[in-house]
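In case you want the letters, here they are:
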Amino acid sequence: MDTPTLSVSADADAPVMLLTGDIARFNDETRDKYTKGQKIGEGTYAVVFKGHEKVTGRPVAIKKIKISSADDGMSLDSLREIKHLQELHHENIIELLDIFVGKRHNIHVVLEHLAGDLEGIIRDTKNFLFGSSEIKSWMAMSLRGLWWCHINGVLHRDIKPNNLLYTTNGVLKLADFGLARNFGEPGEVRMTAQVITRWYRPPELFFGARSYSSAVDVFSLGLVFAELIKRVPLLAGDSDVGQLQLIARTLGTPTESNWPGVSKLPSYVIPNADDVKPEADRAFYRMNFFSISQSGQDLMRFMLRLDPRKRISCRQALESEWFKEEPLPTKPENLPIKKDKEALEKVGQDLKRRAGFDERMDGGDLDVGNRGSKVARRLDFGAM
Amino acid sequence: MDNSGYILSTQNRHYSFTPTELSSLRKHTLELSLTPLASPPALTAHHTLKILTHYTLTLSKLCHHFGVPSAVRGTAITILHRLYLHLSPVTTHPKTLLLPILLLAMKTELGGTSISQFIRTAEEVGLSTTKKELQSPELMIAAGLRWSLTVRHPWRGLDGAMVVLIREFGDQEDARIRKASQKARQWLTGDCFMTDAGFLYTPSQLLWAALWAQDQELIDRYMKGRFSDEVAEKIKECADVFVFGTRKIAGCEEEAIRWGGAVNEKELVSEAKVGDRMVHLARKELDQGRKRAEEEALGREAEERERRKKKRKMEMEKMKADDVFGPAL
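Sequence lines, in order, name chains A and B.
Reminder that position 283 of the first sequence reads as 283 in UniProt numbering, one-by-one numbering, no gaps.
Reminder that position 84 of the second sequence reads as 84 in UniProt numbering, one-by-one numbering, no gaps.
Just so you know, these hints were derived from the structure itself, not from any lab.
Quick caveat: nothing in here was measured; it's all calculated off a predicted structure.
Ideal Cβ placement from N, Cα and C applies to all residues, glycine included.
Heads up, a few of these hints could be off.
Derived DEER-like restraints, expressed as beta-carbon distance ranges [what the hints assert, rightly or not]:
no., chain 1, residue 1, chain 2, residue 2, range
1, A, T56, B, R307, 32 to 38 Å
2, B, D159, A, K331, 38 to 44 Å
3, B, K95, A, S211, 52 to 58 Å
4, A, E91, B, K95, 51 to 57 Å
5, A, K310, B, R178, 30 to 36 Å
6, B, G289, A, R315, 57 to 63 Å
7, A, T56, B, A175, 36 to 42 Å
8, B, E21, A, E326, 50 to 56 Å
9, B, G160, A, N258, 31 to 37 Å
10, A, L18, B, S270, 30 to 36 Å
11, B, L110, A, K310, 28 to 34 Å
12, A, T56, B, K284, 42 to 48 Å
All chains should be built: construct the whole structure from the sequences, respecting the hints.
Structure representation (structure tokens):
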């Protein structure tokens, strides 16, 4: 649970340079476009309100980012989210409508209104039954959103069911770009391996790879795919070490034979030395995911390959036979959605959550910039 | 020529202009900042641009001192230029924003930096600053940028361009292509920032203009049949006007544009000084006005306090008078 903030008024005293002239006018005009309604989520990092665009009456979500202390300035995750969402415009990516500074110098991010997230549907096994067509539809929309990120040089780095939201019309949207970053620029700095919520993190990151690619997101989405079928997370490790062991036992032990070069990665170890497994083959997927067709099983296998170079791209995934064969993907408007208050509150939770942080896993250990020393935590295989 | 990602980018939506648009935006911003003055100085957008160019040079030197990669330097300089489309030096002087801008550029390009290290590095060149001074303008800068923090640097496409050129002309032209590419990079990461080319052309137009300027024969051959005549013309115009500085855009005599050509630092400094003096005078008047307004507000507050005090006193006396036990003995 998030602890409530002690004082809101601290923000008002923050030493912030005032907006003037044209900049102030533009900011005020933007602020006046919206009305702020009921609070739908609150955390230490942000408060989410329901709201409306005055002219059109269009419902929106207004995310007020608390600059908890003037010491830190704009947090890196809000900066990243704003930076990337400003550039990514796509049917399957949450739309950033506006940004303005409030009267107490808090940043307000106006996002399109969303009705719920995939996690809410996956977990609610009592009320929701769905099959291949629905899963196909959600997967196709996720892949399209992710494809757009990747061709625009952006890695999402936190794909998981509660970052896959949907509109009241069932259209799926990638959300939470607080860990996103650009990739593929020549001569760029090394990237941190401390990203992606543990259960969805690919093996190369556990091995400390510092130059990784869009394949990290594909792996995460592959695990969401498996979870949509199983209705529970496929790999729910309780620690980083345990997670890597789980990957090795389930999907295979990463070795030079199935992943040339892997042993050169900085933190490479064989996590299950007593029980080395070959990489999961067709038989594994046939046995575990029998409810979908062969081409669907192949698609999942290609998304979950250990060697990131062997994983398919979003584009190749979208060209899979699975999306073309019967049963065809359900039309978004016919997809199941949660309409209750709980689902709306869940969206509030999703939007106010700090990037990479997951309540189910008692906190994050991800690189969100100014979270302090935890970021430097390294895998310690010597202790095993 | 540019993918659809560029069309929807903030750079294209907010920071792509015709020379006339760019020039009038700058004039408008300056006028707005001078409006509250009773006797505004003869400060023109031409002057404020000289000031801006001067501080571009300073910022660039600062970046070299900090040893940041060209992406950070390019982003910092671009932030400065974008910000001063909506901000006048009369309101906030660029010299007070150089370090905060560099810090923000490091945050967006590198994902942050150590503030104490930053302050120490600044001190090495005699700039003393505090954490508060560095961070307090951050929101104003971000809002002034319309929250567009992505800068599409044209040189990022150079490696790709080199590959297609080598594929087209074969290994025998390898050395020639490499040389052109290297020189193009030099211009794109250097003198290009002294001009407004980045506001007037797309990143790929800039990239090809920089290459064409280095090897016209080769790039002409490449562009033929691939780029429309219109695009090819635009590229050559960009090279003539901004790389060589040999002509201006036809029918365009805008004063508030930084055209190409060599920058004489000495001349620039003296021109910037003329503008800076006027900015200083205007700021002085503005500050006085602000101070007066603050004092008036304080005075009103004091009056209000006095009034409330009297009222409370009267009420107390009234209460005492109403007391059934009578006034205190």
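Hint-by-hint comparison with the structure:
1. A:T56 <-> B:R307: 32 to 38 Å: 46 Å, violated
2. B:D159 <-> A:K331: 38 to 44 Å: 43 Å, holds
3. B:K95 <-> A:S211: 52 to 58 Å: Once the Cβ atoms are compared, 38 Å apart, the range 52 to 58 Å for S211 of chain A and K95 of chain B is violated.
4. A:E91 <-> B:K95: 51 to 57 Å: 45 Å, violated
5. A:K310 <-> B:R178: 30 to 36 Å: Given range 30 to 36 Å: holds, Cβ gap about 33 Å.
6. B:G289 <-> A:R315: 57 to 63 Å: Holds, at about 60 Å.
7. A:T56 <-> B:A175: 36 to 42 Å: 59 Å, violated
8. B:E21 <-> A:E326: 50 to 56 Å: 54 Å, holds
9. B:G160 <-> A:N258: 31 to 37 Å: The hinted range 31 to 37 Å holds for G160 of chain B and N258 of chain A, with Cβ atoms some 32 Å apart.
10. A:L18 <-> B:S270: 30 to 36 Å: 33 Å, holds
11. B:L110 <-> A:K310: 28 to 34 Å: With a Cβ separation near 31 Å, L110 of chain B and K310 of chain A satisfy 28 to 34 Å, so the hint holds.
12. A:T56 <-> B:K284: 42 to 48 Å: Since T56 of chain A and K284 of chain B have Cβ atoms about 46 Å apart, the given range 42 to 48 Å holds.
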